[in-house]
Every structure is written in structure tokens, then in C-alpha cells.
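Novice: Listed below, chain by chain, are the residues.
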Amino acid sequence: MDLIMILQTVLLLVLESRMSQSQEPVVVPPLDLKVSNDSFQEYLFLEWNVSDWAYESELKMLFQIQVSQTEKRNIIWMGNYSRMLSKSDKGLRWNWHSHLPLQCTSHSVRIRSAVDDPRFPTNEVWSDWTSWKTLLGLDSLDSEEPFIFPKDKIVKAGSNVTFCCIAGKSQSVLSVEYKGSPYPVSYISSRSVKITVSDVSLSRASGTNVVCGLSGRKHRGTVLFVSQPPEKPTNVSCETQDLKNLICSWFPGETSNLSGIRSTNYSLYEWFSQQRMACSRNMCSWPIDKNRQIYNFTLTAWNALGERNATIVLDVTHRVCPRTPTDLLANHLSATNVILYWTLRSDYSVLRLCCQTEVIKVKNGNVTLHNISVKGLLSMSHYNTIINQLQPYTIYSLRVRCSASDHFWKWSNWSEKLSIRTREVAPTLGLDIWREVRQNAENRTVIIYWKPLSENETKGEVLSYHITWGKLDDSNMYQHLAVSVSMNNTEISIDGQPYIIRVTARNMVGTSPPSEIRIAKLQENDIEDINEERVNGTGDGIHISWKPEMGEVSDYIVQWCNFPKSENCDFQWKKYHNNTFSDVIKSAAFQPGVRYNFQVYASKADGAHLLEKKTGYMKELAPAIKPAMKVVRIKPNSLVLTWNNYPTDDSQPGFISAYYIYVKVLQDACSLKGAETLELSDGSVVCRFTIGNPEVKSYAVDQLKPNTKYAFSVVALTTGGESAIDFSTKADTSYDWQAVILAIVTPVIICLLLLLILFLACYWKRMWLKDTCFPEIPDPNKSNILTLNELKINSEQTILNIGNCITSTVEVVNISKENKLQLCKQGMPAFGREGNGHAIYNLEDQKFGNQPTWINFFENEKGMVSPNPNPFTTFENLTYCSQLESGSSSLLGLGIIKTNQQNQSKPQYQQYPYLDLLNKDSSTTLPNEGTSSAYRSQMAVPNASKLNDVPISACTVECLGYKAQTNFSLGLLSRVISEDNTSTEEVNISVSPRSTNSTTFLLPD
Amino acid sequence: MEVLTGKERRSRQEFGSRPTRLSSAQSKEAAKKIEQISKQVLMLINNSQELLQKYLKYQGSPFGQPDLLPEPKKLTELPSPDLSKDVWLSLSDSERLRQNYVAYTFLTDFLSEVKSWQEDLNPNASDLLELLEKSAKQALGLRSNVASVMKILSFPMPLVPPSPALDASTAFRKKLKGWSVCQQYQDWLHRTQRDITVLMQRYPL
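Which chain is which? The protein sequence lines are A and B, in order. So in my numbering, spot 122 of the first sequence is number 122, and the numbers just go up one at a time. To convert, count from 1 in the second sequence and add 1005; that's my numbering.
In isolation and in its complexed conformation, chain B is listed as follows (with noise of 0.2 Å):
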């Protein structure tokens, strides 16, 4: 017996429930598309956390120094990929894709900003604007992989609107704009992953 909430209530009564009726094959293949993501978020998470690391050391103190300066806030900008327990349990796949795609959406814009930011900051940093550039690829592929799970699974593609512009009138702010999202692009990641793990025992191949 399932419990829903509210919210899961009215985000299924938007974007449909689960589909009652797939096909085997739909099944297989929405499991497959779910494992190979599963394995597609592993790797993005190790990259994730190179590109935190080496984003901060080209910042100059005090970033990349904890005790000297706290983490950035979240983007208001992103759709924040933490809730509640209750809430993440609640959610149903077509919304936990959903919110997928349009954090993906905005994080593949944002990472391309933060890149042309860092591109005026730290012109001679090739190694971080190759990795900024190769996040912002991944991100996207990634949120192609989850539009084409909601595809299989037969949910509606969400209209997601255009990027926000990152509020960064100054250098020190563009600083700590990109950190923060490069750090919310890594709690993306942890969230989907957690989300993979739900819809793969969902969807069992």
C-alpha cells in the first residue's frame, strides 16, 4: 500500500503515475537505461570531485581553506537536491526523473558560465577549463540518458524554462558562484545516484 504525499499526489496527477502497462521489452529496456546511468553517475561523482578540488585551488586562499571560509549557499538558481526523507521516499519515478532532467538542464548552462567566468579569472588554468568544459558535456549526456528513461517509461518530457542568470556582479562572487556549482553539481549527482538505486529495484533487469 503506498503512501503519497500531497505534493506525490499532485505531481502524478501532472506527470502521470507509473505506467500501469509496459511491455517486457519497455521494462528491459528502461532497466537497462537505468543501469547504464547507475555506472554513468559512479563515474561522474569521481569526476566531480576532481573538478571541486581543482576549481578551489585556482581560486587562491582563502578558498579550498575550510576553516577560513564556509561553503557556499545553495544556488536559488537550482532545484535543491536535498529533502526530506519522507519527501525523496514519496516521490514518484516520473517526478524524481523530472527533477533529474531540470537540475541537469540548468547545471550543463551553469557549468558553461562558471567556464566562461573562470575563462576571464584563470585564462592559463587549461586543465580546469577542460575539466569545466567536460563536466558541462557530462551533465548533459546525462540528463539525455534520464530523458530517455522517461521516454521508455512513457513520461511526459517536462518543459523546463531557461537557464536563471547566476547573480555574479563581482570576481569574488563569480568565485563563489562557481564553487558553489561545482559543489551542487556533486550533491546532483549523489541524489541521483541515490534515485538510480531506488529505480533500479524498481525496474530490476
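Okay, chain A solo, but in the shape it has when bound (with noise of 0.2 Å):
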């Protein structure tokens, strides 16, 4: 061997120094080029060799490849590839990925060579193309089948794909459609062509389609399936529970889109047995050698597109997860012990564990934990474990789990539970009694009550309840009786003597410690002296005190009933310490509104003897009754409302305090005096009375207003409420006739004595009463001036001597607006017509010349004459006017105007143009107008030389003396008047101006 060496080597070196020296390029060319490809027909792989000298050499080489496809050899790559020959590995081969499958069309692949080595520098020259080595597609068959490629094939989403068709010796290819829609092809070669689809999506698990349709209704398909390469696995764990096999699992990711074969899958390979194992998509079971704790795993998660790998490095014995414990067995059961057994179907002999009791007492959910660490034992072997300070007759439920001791892992599931009873004791405690002493003639009825023992009392199933009693003084006669266990008192009967009882619980174990009451000696009336007193409940309860008892008192004692309107009254008690005197009751059977009486006894040496009464409610509550009210004695201004029938007793659901009276004036607000105003909801305002004694049940409501309908409201008070308002009584107050008629009677008796004392006034001043207001008027037929004898006998001196002549004339004027505002401004008449189409008749002496009208009459529609009515009789001068008006006397209407002042404006003169007695040479003087009502005196001579301006109608006595004023008449006036006029007619008015009856004469209406 060593001999062949050596000849190659001295070969080498002659043929290296040959080369050397002729300068010749060395040309290694490929031998035996071989060309297939890989199942998915994806890859065409290469083989090919040199000469063994190559090899021997070593010689670093490049070669050169082309690929062509179709039958035309259309080159579409060509590459190098470099690589050092070795003696040991001898052979060449190479690999070329195609994007379109290699059954589309023919690829052929050629090969050629250079020496690339440093030892051969002017090297570098390639070897001739080795003859073209020719996979056929199946376009070149001579077939009438076409097909379709890639089939099945998965790629990663993303990806561009290239799929061709090839038609069959006489088809064509009409479409190539992925997805449902057609894609633009290319001819690779005359039967075969091809789409390319870009970043292709995620496929549904069934893949997506790609159909070919040819010509002659002839379709061919293939399915392309896009997924992603796999997640890498997380949260890889491994324990085991029999320490046979370990579970390993993990966090998967999310489930691929592919299904079935293309799915991702998982296997589990470890290290150190170099063994691998196929898993499910989460989970591995590895079976554990006995002689190996250490363990090396590598999760790998795989697909068609790729693996992603997970490790994990263990030792069993610290991922031990002990099974669930099974058969579950209390032995031994004592009343507060009992020991409990339980296996592990698997065998943890090299353990030690750690098992926990969980001890549920059943009543009220109390759990208590219990740790104890064992040995491993072999399979089905039994643990036990003992469990204390439990309670007699107690049902406890127990269960059980493990886990390993050394180094927790987890503990196992709890075991399946398992319910057991301790045994029974006998009652430790005695029982809680109490009695009630009811006495009939001599004899005495003791009802002893006691209260059921709980069942941490009772130790076990109480069977019965025995009494036993008699006399205190006389142990050797006492009484026993036997109560079943459902009852809760006994009644016996006893003398006035003093007793001794005692009561015990006996369950199947034995008895309870007696418990003991006495009942003292008869003693009467007791009791009678003890008043009831009220006590406050505090919303949940009712406190009670009572006061210390004098004495030894062993123990307090407060009875009461749950229910004490009913017949079975559920009878309490409760007892308390000798230094213990106040309590808040309560009990589950407590209402509010319900009144509850409490007796408080002190327990002495003798017996037990009252000591207080208390009677109180947990919370008053509003009464519910309202109380049912009437009304009395009504009165025009009060009325009496009464409500005797309402109860106060413990019928109410509170204790009554006091009442409210509400009073409501229909359609009105209420004012009451000694009453609260309240505004009522509804916006009524009432008035308030309150009755602070729950016993007075009447009231008196005064002040009230006659023949008014008011609404009264009683509602009882208590410290819940008050009861509701009810407004429906109602009640009207009578007519109160004796105000009416003093209203009226009175201001008529004042108006009487005033007028009598002013009669009697007017009496006792008659005289100056008659000279101030009628005074004395002179009787011209008396008077010495005008002596009518004289006239009669000398007729010479008919003729008035002007000199003694005092003419008194009297004017009775009417005359309408117009001519009166003439008249006041011109002092002048006026005629014309107006309103009404009445006549104005002036009545002008034509004596007088322009001398004014004096008197206007006026003809209605019948042509009557008449006064003027009162529309047209109207003054503009304000002062004459406000005489009329005040109701003057018909003197006041009878302008005397003083004119003899030669300075008189006219306006004054014109303010009374009716009738003058002027004498404008007279020196009397009016005194003004404000008197101008007063008397004058026609004695008095009047102005002479004004007397022309003024206007006399009763010339016919002028200068013959004084008329008596009651004689002279309109009539007469009319007369003179028709004298010089032709009307005939006549006008009776009769005149008086100085007479009191002549007031329409001088102001007709």
C-alpha cells in the first residue's frame, strides 16, 4: 500500500514538473454527468466525477453548469461552482432549485470544467460542455392525458408560485384559473403553460383550487395548501404521578390552518437515550427508566414548512405530582380521636411524602388542615394518619391529599371526601331552667320550662329530660317524672311549701349535671305592689334595668313572652349574674309595634321572688287606628270633639303620647289663636292643637267664626308617629243672630239719643235758633211809609215820591246756557234755540226796551210750557252755582249785587243777573257774596242812580209800595206780562222770594 502511494506521489511530481516545464494548461473536463431529480420534483441534482488524478491532487476546481429547458434547450441559468477535490470523498454532485415543477417541461443540464488551483497559474481554461443530460417533461410525451403541477404542494404564505398545465397531444389550454379566477399564462413550450401567483395567501384546510380547462370540456386541477411554519412550543413542563411515566406538555400556539397529514406535528426526544417519541398537539407521555432520574428533552414542533424545537432538563423525583388518594377509611372512632387510612395506587417507596387531612366540621363549615410527613410506601399500601381534639357527636367530613415531601412539586387532587360521626358523651352541662308558679286556692301549679342543650352541649342525642322534685325541708319524698325529648316544659303541682326541683338530659351515654330551681313559700299578694314601669327599645331590642336587690341574690332573672298575644305565648327567660342589673332583650321574635311585658325576679336562697315590671315595644311604630271622633255642642264661635272610645292600652303599636287636633277652614287658611299654623302637603294651612295627655280625650275648639264650615282632624301621637289625617269630619258653626242684631240696634239708639239731645238743644235754644235762622220780618201792611188810605184819598199822590219809594223787585229768570254766558259776558239776552228742539221763549217786557229776558220757559214736544228742565238750567257762575248746590235756602238764589260802586267790574255784575234790588244811588251796600244770602232789609233804599240799568219786569208796582211777598204771584207777573205782549197764556208759578215756599220758585228744576 504504502509502495502504491509512493508511485502516485513520484507520478504527480513528474507529471506537476512535465506540466511545469511544457507550460501546458491542464484541463480536468467532468466525467459521467448523471441528472434526476427529488420526489416533489422540484430539484434537479447533479452527479458527476473526474479523473482519479484530479483527486489525488487535490486540485481546487471550478465548474460551470447550464440549464435549459424545453426541447429547445433554451437556457434559462447558468452558475459555477467551485470546489476542492479530495482524495477521500470522490465523487461530485450538486443540486439546482427550479420555481416551476420539472414535469412542466424537458431540463436539460450540461457541465464544464477548469482547474482553479494555484500550483497550475496559467491554468484556467475550461473543458468542453459535457453533452446535454435531459430530464423529459411530460410535454414531450406523445399522450392525449393532460395534467396540472405542483400537486398537493405546501407552501408558506407569501410565497409566489408557479403552477403549469400541460395539454395532451391534440388539446389546448384554454384557462388556468386559482381560486376561482382565470390568470394570465405563458407558454413554456406548444402544450405546456404556466401562471404565477404571487404572495399567496393562507389556504383554507382543504387547500385552494387550481383548474386547467382545456379544449374539449376537459379540466384538470390540483390543490396548493399555504400555511406557516410552526410556533415554537412554550411553557414546557413534565411531571409525573406513578413515577412511571412523565407528562409532558406544553403551550402549542395558535391550531395551524392545515389539518390531517399537513398539521403540525409534535415529538419528543431526549438526549441521553437518543429515543424519540411522536406526541399529540399539547402532550407527551415518556416512559421513566428506573435507573435514570435525569432527563434531557427537545420539543420539536413540525411541518411541510419548517420545525421550531423546545427543550427541557429534569429530575423525576422533584416533578412527582402523587396520585389522587383512594379508599378513604375512619377506624377507631372514639368521641374526639379517630385515625384515617387511605392508599396511593402507585409506588412512592423512594419518597417521602407529604400528605394533608382537610377535617370539615359539617354544621358550620369550620375546616382545620393537618400536615403529616410519611414514608413512601408500595403501591395500595395503606397511610394513616391520626386526627384529634375533635367533638363528640360531631359529623366531620375529611378528605385527603399528598404530595412529595423533599421537593414540592404539586400537590395531588383531593381525595374523594368521607363523612364520619365521633361517638357520643354524656351532657357536660347542665340544663337552663326556669319556672312559672301559678296559684290556684292552696295548692300551687309549677310550669318548669328548660331549654333544649345545643348540640355542642348535649355530646350526643339527648333521649329524655327528667324532673325530679319535693319539698325543700323533706329530701327523702321527692317525685321524679320522665318528659319526652321533644317537649320543653312539664307543669307539677306543689303546696304552699317551699320546693326544690331539679331537671336533667340523659342521651344514650348517661345524664347531664341536674340543674336546680326552688319555689319559695306561699306568700300572698306579693306582687300586688309592683307597678308597671315603661322601658325604651333601642331599634333591635328593649333595654331593661332594675334596681339591686337587697340581700343574697345568686342570680337575676328576666322572663317575657315572644308572642304575647298569643295563646302559646313562647315563654323566655334569661338569666344573669348578681352583679349584672341592666340588659338590652333581644330575640329573633321581636316585632316592632307589639308590646312586650318583662317581669324581673331576683333568685335567692328560698326561691325566686318579682322584683320589677317593665313593659315596653322594640320600636313604636305610628298607630294605626285613628281615632274615631265626634262633634258636640257646636256654637257659633266653638264645639266640642270628643274620641272617648280610642284605645291607649297595649292594642296600640306604641305608647300614645299625646293628641293632635287639626283644624281646617274649608276654602280658607285657619288662624286660631293658642294654635300652631301648619301648611299640610297638599297646601291647605290648618291650625294645631296638642293634647299632651294620652287620657284626655275631648276638646273644646273656640274662637272659631260663626256659620263657618271647618274640618277637624284627631290623630294620637306616639314616639313611632302619628296617625294619619283625615279630614273627613266636618262641622258648621251656627248663625250668631245676637251679633247681628246689636250690630244693628246699637247705632240706631245712638242716632236717637242724638236727636233727642239735639231736640232738646234746639228747645233749650229756640229763641236764638229762631233769630238766626227765621228772623223777624217786618209787615209792610204795618208799616207807616205806604199808607194806602193816603193813596185812596189823595189820588194827587198816587204818584210815589221817589224820594220815599223802596221798590223791591223780584226777577225769576231761566234762560239757557247760551244766553247766560251772553249775559255774563255782555250783560245782554240772547235768543235762539236749543237742544231738543225746545222752544226758548224769552219773556221780554217791551217796557224795558233791550232791557234782558228774565224768564225762559221752554215747550216740550206737546206743546206744553214748562220750566225749563234742570239740562238747561245751568249757571256759569261758579259761586252762584255752589250756592245752589249746597242746598241753600231759595234766599241764596237771589243775587242782591251791590252796584253801587261805580267801579263795579261786569263780571260781578253779571253773576247776578236775575234779580236785583239795586238802587244805584243807595249807600247799602251787600256785604259781599259770601252773605249774600242773608236777609236784607227792603227798607233799605237801594242806589238811585243805578236804577235804570237794572231790569224791573214788575213796573206795574213800581212806586205803589210793598206787596206782600205771599200775594204776589207769577200770575200776576203774567198778566203784566201779557199786557204788552200778545200771548195769552198763562204761567203759574207762584212766587215768594221771601217765603220759604218760594225755593221752586226761584230755582225750578
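It is worth saying that the hints were derived from the structure and are not from the lab. Honestly, I wouldn't trust all of these hints.
[Unchecked claim] Mimicking DSS-like on lysine-lysine, the simulated pairs with C-alpha atoms at most 25 Å apart in a straight line are: (1) B:Lys1079 / A:Lys218; (2) B:Lys1078 / A:Lys169; (3) A:Lys363 / A:Lys290; (4) A:Lys218 / B:Lys1062; (5) A:Lys375 / A:Lys244; (6) B:Lys1037 / A:Lys151; (7) A:Lys586 / A:Lys565; (8) B:Lys1059 / A:Lys179; (9) A:Lys151 / B:Lys1079; (10) A:Lys375 / A:Lys417; (11) A:Lys565 / A:Lys613; (12) B:Lys1120 / A:Lys179; (13) A:Lys218 / B:Lys1078; (14) B:Lys1062 / A:Lys179; (15) A:Lys673 / A:Lys705; (16) B:Lys1037 / B:Lys1142; (17) A:Lys151 / B:Lys1142.
[Unchecked claim] Here are some chain B residues pointing at chain A (derived, C-beta under 10 Å): (18) Ser1066; (19) Pro1075; (20) Lys1079; (21) Asp1125; (22) Pro1128; (23) Ala1130; (24) Thr1175; (25) Ala1176; (26) Phe1177; (27) Lys1180.
[Claimed, not checked] With beta-carbon atoms standing in for the labels, derived distance ranges: (28) B:Asp1172 / A:His97: 52 to 58 Å; (29) A:Gly306 / B:Pro1128: 17 to 23 Å; (30) A:Glu416 / B:Gly1146: 41 to 47 Å; (31) A:His97 / B:Pro1128: 29 to 35 Å; (32) A:Lys232 / B:Gly1146: 47 to 53 Å; (33) B:Pro1128 / A:Lys232: 46 to 52 Å; (34) B:Asp1172 / A:Glu416: 55 to 61 Å; (35) A:Glu416 / B:Pro1128: 26 to 32 Å; (36) A:Gly306 / B:Gly1146: 45 to 51 Å; (37) A:Tyr269 / B:Pro1128: 57 to 63 Å; (38) B:Val1165 / A:Arg217: 31 to 37 Å; (39) A:Thr255 / B:Asp1172: 29 to 35 Å; (40) A:Met78 / B:Asp1172: 40 to 46 Å.
Cβ coordinates follow ideal geometry from the N, Cα and C atoms, glycine included.
Could you use the hints to bring the two separately framed chains together as a complex?
Specialist: Take a look at the structure:
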């Protein structure tokens, strides 16, 4: 062998020396080129060789490769491949990946080489190409069958995929559709076309269909599956329950969109044993080798597109989660202890276990945990533990779980629960007893009550109660009575002597300590003097307090009934130590609005004695019943309300503390003296009276208004509120006739008295009054100025001497407003017609020329002549008018104008256009306008110089002397006028300017 | 006068012709069974229509779009339900029932095979998978009823060879084959309906 090596080396050296000497390029052509493909028809595999010399020389060589498609050998790829040849690895291989499925068309390969070795620097001369080596495509087959490729290819999402469709010999490709959509085709050869789909998206599990339509209604289809490489498994964890198999689990990530053979696969590889195991998607079971504790796993997730790995190294003894304990059994059961047994169905003898026992007291759910450490046992061996401190005759629920003690990993699942009941013992506590003593004649009936022991106290199931009683001073004569367990009281009869009573409870094991009560010697009327006191509720109970009792008191007892109104009142009691004097009595049976009665007893050596009686409510409520009210004794100003039948006893839901009386005035606001005024929710304002004493059940409401409708409501008041306000009771106060009569009679009497006083005063001052109101008028007949006899006797003297003639002139004037105005302005009369067609007639004495008219008469529609009605009787002069309106005497209408003064203004003159008694020369002056109503003696001589300016109508009497006014009538005047006028009308108006009867004449209305 | 074709004659020779001596009880029982099959077939035709629609729905485009993809070829592995009118009319009762029996034997297996393919392609299409399973059971039930009629009529039970494997190497072929199976299951039900109508006339209640 060594000889051969030496020869080769020598040969090589010779060759090299020759080549270097000759400088000829060294060519090492590729030999024996072979081409094949992979099963998926995606790769071209090339294999070739070179001469042995090249291998022996370990030349570095460069190969150039060309790949062509179709039978026409269109070169589609060319590349170089460099390789250092090796003696030990002969043969050259190379592959090429084709995007187009190799079946789609023929693929040919050729290769050439060059020595690229530094030992031969002048080389780099390519050898000749090898001949083409061809893999025939299906388009070159002489077949009628069409094809489509690739088939069932799995690609990564986002890839570009090329499909080809090969038509049969006499066919043509019409279309290629991807996902139902046609794609543009490009021809590879005459029978083969391709489409390229870019960026493919995830497909459904059944893949995406690609269908090639061919002539002759032929189709070929394939399916493309698009997915993603698998996700890396996370949270890989292994544990064992039985120390035989490791269960490894992990989170596999999102489920692949593909399924079946294309879905992601998982396998577990153990490096020490170099074993691999197929797994499900999220767990794997690996058998544990007894001789090995350490395991190094690699979990691989893989699919057609790639793989991801996760590793875990573990010691199986640190990953033990024991199996669920089974077959629980309780043994050696006593009243307070039990031994609990269980098994584990695996061999844990190599471990030490920690087991936890859960003890649940079923009645109240109290949970106690006990931990024990035990050596692991063979499969199905019995583990046990003692559970102490249990209560007698109590139901418990037990269960167990275990874990590895040295290297805690996880607790096992809890076992199923085992229910046990501990054994009984005799009751350790005496009964709580009390009594009720009823006296009848000389005997007494004692009802003994006891409270059943609680389950904690009974220590078992009570079977019966036993009562023993006898006289206190005679212990030999005790009587005995057994009572069923369902009873909580019994009745015995005793005489008036002091007695002692004992009660015990008995269960299967024994009896309770006796409870003793003593009945004092009969004492009559010992409870008569105790008054009942009210106590307050606290909302959830009733506060009771009592005074300490003198003497030696063993304890205090408060007794009551939970249902005081019921026949079975549910008698209750509560005992207190002798230094306790108050408590809040609470009971689930207490109801708001129910009055409870309590008796407080002091227990002494000879028995119990009643100390105090209490009554009260847990919570007072507002009275539910409204007081039934009646209204009595209705008067104009008052009435009485009564509600005598309203109860104030324990039928009420609270202590009645007061009454409110609401008074409402219908359709008005109430305001009574002494009452509060309130506004109710309906907006009405009412009065409220308060009666503080609940036993006063009537009330007199006074200061009411007569003949008024009132509504009343009486409500009872407790600390819980007041009963409902109800104004259904209404009453009307009566009519107050006395007040009415008094209101009328009193002013009448006062008026009468005033009149009487006035009359008396007038009578007393009658003279003065007469002088003031009715001064004496001189009688002209009695005047000696004019003597008719002288006229008659001496006719020559019929003409009145002007110096002695005193005239009295009366002019009755009724003029229209216009005339009056004109008169006022000009002192001249006016003629005209005015209003309603009434003619104005001016009685004008022609003798007076243009003197004013003084009397106007109006003709009404009937042609009657009447004095001008009021509307036409107007006076411009206010002074004059005021005189009229003031109701002055008719004399006031007679203007007596002082015209003797030359400087008298015209308006002043015009104020009195109707009647002037003027004497221009007269020195007699009228006092003023205000006194114009006063009488002026006709004896006064007017101013003669003015006399001509004064209208005088009664000139017939001029200078004839004074005529009695009572006789001076208009008739006369009329006649005088008619004598001068053609009018024959006669106006019968009486005129008496100086008479009280002449008002009508002076001021015609 | 019954005219028999050569095939009918051979069939009668092979499986025996209509039993000439049937008791009235047998006739009545056969009639009852035939009527029961008639009702059963009616129900299965409805189910097969639903199966076909649901199957196409899950295969993706262009399945279910008749313009894009023509109906698949008939299964060569299954006796064809389509016969010429003359041939079909000339079938003896025995041969008629035998063909039904063979067809539903194969269809039971084919429907199960299609279900296994769809479990791979459409694992989440639980309704389709349930319907395929149900149809396979119904086909088996129908075959059983046909067999019971044949027994009542004393026709010999045919020896049915194992069902041929369905040739479907690729996913697309499986989809197409499945379609064919569903389609031909429906075609066979219609054929059975016609066959049962003939038998009901021959064996009236």
C-alpha cells in the first residue's frame, strides 16, 4: 500500500514537473454526468466525476453549469460551482432548485470544468461542455392525457408559486384559474403553459383549488396548501404521578390552518437515551427509566414548512405530583379522635410524602388542616394519620391530598370526601331551667321550662328529660317524672311549702348535671304592689334595667313572652349574674309595634321573687287606628270634639303620648288663637292644637267664626309617629243672631239719643235758633211808609214820591246756557233755540226795550210750556252754582248785587243777572257774596243812580209800595206781561221771594 | 306475454325468476317491506340533496359553480344507475333488487371513504362529516331493507366482492371523487325509487 502511495506521489511530481516545463494548460473534464430529480419534482440533482488524478492531486476546480428548458434547450440558468477535490470523497454532486415543476417541460443540464488551483497559475482553461443531460417533461410525451403541476404543494404564506398545465397531444389550454379567478398564462412549450401566483395567502384546510381548462371540455385540477411554519412550543413542563411515566405538556400556539397530514406534528427527543417519541399537539407521555432520574428533552414542532424546538432538563423526583388518594377509611372512632386510612395507587417507596388532611365540621363549615410527613409506600399500601381534638357526636367531612415532601412540586388532587360522626358522651352541661308559678287555692301549679342543650352541649342525642322535685326540708319524699325529648316544659302541682326541683337531660351515654330551682313558700299578694314601668326599645331589642335587690341574690332572671298576644306565648327567660342590673333583651321574634311585658326576678336561697315589672316596645310605630271623633256642642264660636273610645292600651303599636287636633277652614287658611299654623302637603293651611295627656279624649275648640264650615282631624301620637290625618269630620258653626241684632240696634239707639239731645238743645236754644234762622220780617202792611188810605184819599198823591219809594223787584229768570253766557259776557239777553227742539221763549217786556229777558220757558214736544228742565238750567257763575248746590235757602238764588259802586266790574254784575234789587244811588251795600243769602231789609234804599240799569219787570207795582210776598204771584206777573205782549199764556208759578215756600219759584228744577 | 332480453334471461337463469309460488302472507310482507323502502328512499333523496350541496360548499371554488367545473365522471367502481329504458324495463325483480343491493353495498363503503378524506381536508366541517356518516348508515340501512325483500321473495343473496378502492391520489382528485360519490348516491336513490315503483305494482298491498 505504501508502495502505491509512493508511486502516485512520484507520478504526480513528474506530471507537475512536465506541465510546468511544457506550460500546457491542464484540463480535467467532468465525466459521467448524471441528472435526476427529487420526489417533489423541484430539484435537479447532478452527479459527475473527474479523473482520479484530480482527486489525488486534490485540485481546486471550478465547474460551470448550464440549465435549459424545453426540447429547444433554452438556457434559463448558468452558474459556477467551485470545489476542492479530496482523495477521500470522490464524486461531485450539486443540485438546482426549479421554480417550475420539473414535469412541466424538459430540463437539460451540461457542465464544464476548469482547474482553479494556485499550483497551476496559467490554467483556467475550460474543458469542453459535457453533452446535455435531459429530464424529459410531460409535454414531450405522446399522450392525450393533460396534466397540472405541482400537486398538493404546501408553501409558506407570501410565497410566489408557479403552476403549469400540460395539454394532451391534440389539446390546447384554454385557461388556468386560481381560487376561481383566471390568471394570465405564459407558454413554456407548445403544450405547456404556466401561471405564477404571487404572495399567496393562507388557504383553508382543504386548500386552494387551481383548475386548468382545456379544449374538449376537459379539466385538470390541483390543490395548493398555504400555511406557516409551526410556532415554538412554550411553557413546556413535565411531571409524573406514578414515577413510571413523565407527562410533558406545553402550549402549542395557534392551531394551524391545515389539518391531517399537513398539520403540525410534535415529537419529543431525549438526548441521553437518544429516543424520539411522537406526541399529540400539546402533551406527550415518556416512560421513566428506573435507573435514571435526569432527562434532557427536546420538543420539536414541525410541518412541511419548517420546525421549532424547545428543550427541558429535569429530575423526575422533583416533578412528582402524587396520584389522588383513594380508599379513605376512618377507624378506631372515639368521641374526639379518629384514625384515617387511605391508599395511593402507585409506588412512592423512593420518596417521602407530605400528606394533608382536611377536617370540615359539617354543621358550621369550620375547616382544619393537618399535615403529616410519611415515608412513601408501595402501591396500594395503607397510609394513616390520627386526627385529634374532634367534638363528640359531631359530623365531620375528611379528605386527603399528598405531595413529595423533599422536593415539593404539586399537591395531588383531593381525595373524595369521607363523612364521619364522632361518638357520644354524657352531656357535660346542665340545663337552663326556669319556672312559672300559678296559684290556685292552696295549691300551686309550677310549670318547669328548660332550654334544650345545643349540639355542642348534648355530646350526643338527648333521649329524655327527667324532673325530680320535693319539699325543701324533706329530701326523702322526692317525686320523679320523665319527659319526652320533644318537650321543653312540664307541669307539676305543689302545695304552699318551699320546694326544690331538679331537671336533667339524658342521652345514650349518661345524664347531664342536674339543674336546680327552688320555689319559695307561698306568700300572698307579694306582687300586688309592684307597678309596671315603661322601658325603651333600642330598635333591635328592649333595654331592661332593675334595681339591685338587698340580701343574698344568686342571680337575676328576666322573663317575657315572645308572642304576648298569642295563646302559646313562647315563654322566655334570661339569667344574669348577681352583679348585672341591666341588659338589652333581644329576640328574633320581637316585632316592631308589639308591646312586650317583662318580669324581673331575684333568685335567692328560698326561691325567686318578683322584683319589677316592665313593659315596652322594641320599636314604636305610628298608631294604625285613627281616633273615631265626634263633634258635639256646636256653637257659633266653638265646638267640642270627643274620641272617648280610642284605646291607649297594648293594642296600640306604641305608647300614646299625645293627640294633635287639626282644624281646617274650608276654602280658607286657618288662624286660630293658641294654635300652631301648619301647611300640609296639599297646600292647605291648618291649625294644630296639642293635647299632652293621652287620657284626655275631648277638646273644645273656641274662637271659631260663626256660620263657617270647619274640618277636624284628631291624630294620636307615639314616638313612632302619628296616625293619619283625616279631615273627614266637618262641622258648621251656627249663625250668631245676637251679634247681628246688636250690630243693628246699637247705632239706632245712638242716633236716637243724638236726635234727642239735638231736640233738647234746640228747644233750649229755640229763641236763638229762631232769631238766627227765621228772623222777624217786618210786615209792610204795618209800615207807615205807604199808606193806602192816603192813596185812596189823595189821588194826587198816587204817584210815589221817589224819594220815599222803596222798591222790591223780583225777577225770575230761567235762561239757556248760551244766553247766560252771553249775559255773563255782555250783560245782554240772547235769543235762540237749543236742544231737542225745545223752543226758548223769552218773556220780554217791551217796555224795557233791550233789557234782558229774565224768565225763559220751554215748550216741550207736546206744546206744553213748562219751566226749563234742569239740563238747561245752568249757571256759569260757579259761586252762584255753589250756592244752589249747597242746598241753601231759596233766598240764596236771589242775587243782591251791590252795584252802587261805579267801579264794580261787569262780571260781578253778571253774577246776579236774575234778580237785582238795586238802587244805584243807594248807599246800602250788600255785604259780600258770601253773605248774599242773608236777609236784607227791603227798607234799605238802593242807589238811585243805578236804578235805570236794573231790569225791572214788575213796574206795575213800581212805586206802588210793598206787596206782600205771599200774594205776589207770577200770575200777576204773567198778566202784566200779557198785557204788553200778545201772548195769552198764563204761567201759574207761585213766586214768593221772601217766603220759605218760594224756593221752587226761585230755583226751578 | 313478457319479453325478455338476453341479459334478463341470463339474469333469471342465474338468480332465478320471480317465485311463482308465493303465499299471500309472503306477498303481503314483501309488499309492506317494499312500501317501507319506498318511503325510506323518499326521505333519503332529500338527505342526498342536502349532502350534495353541503359537500360542494366545503370544497372551495370552483366546486359548486356549474359553469366553472363540469360534473364529474361516473364512478367506474360502481354499477351504473343509468340503464337504457328497454334494459331497465326488462330487468327481473331479482336482478333489479340485486343491482340495488350491490350499489348500496359499495356506496356505503364509498361514503365512508369520502368521510375519511374530508376529515383530512375539512376537519372543522362537522356538519358535512356528520351528514356523510349519516348517509353511509342510511345506505347501509337501505341495503339491509333490500336484502330483506330479497329474502322474503326467496331471491338468492348475491355475493358481493369487496368494494374497490377509489382512485384518488391527490387532494383535488379526492374532492372530485367525493363529489362523484355524493352525486351517484343521489342517482342511485332515484333509480331505486323507480325500481321500487315497479315492485310496488307487482306486489301490491
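Novice: Are any of the numbered hints broken by this structure? If so, which, sorted upward?
Specialist: Of the numbered hints, 3, 6, 17, 20, 28, 33, 35 and 37 do not hold.
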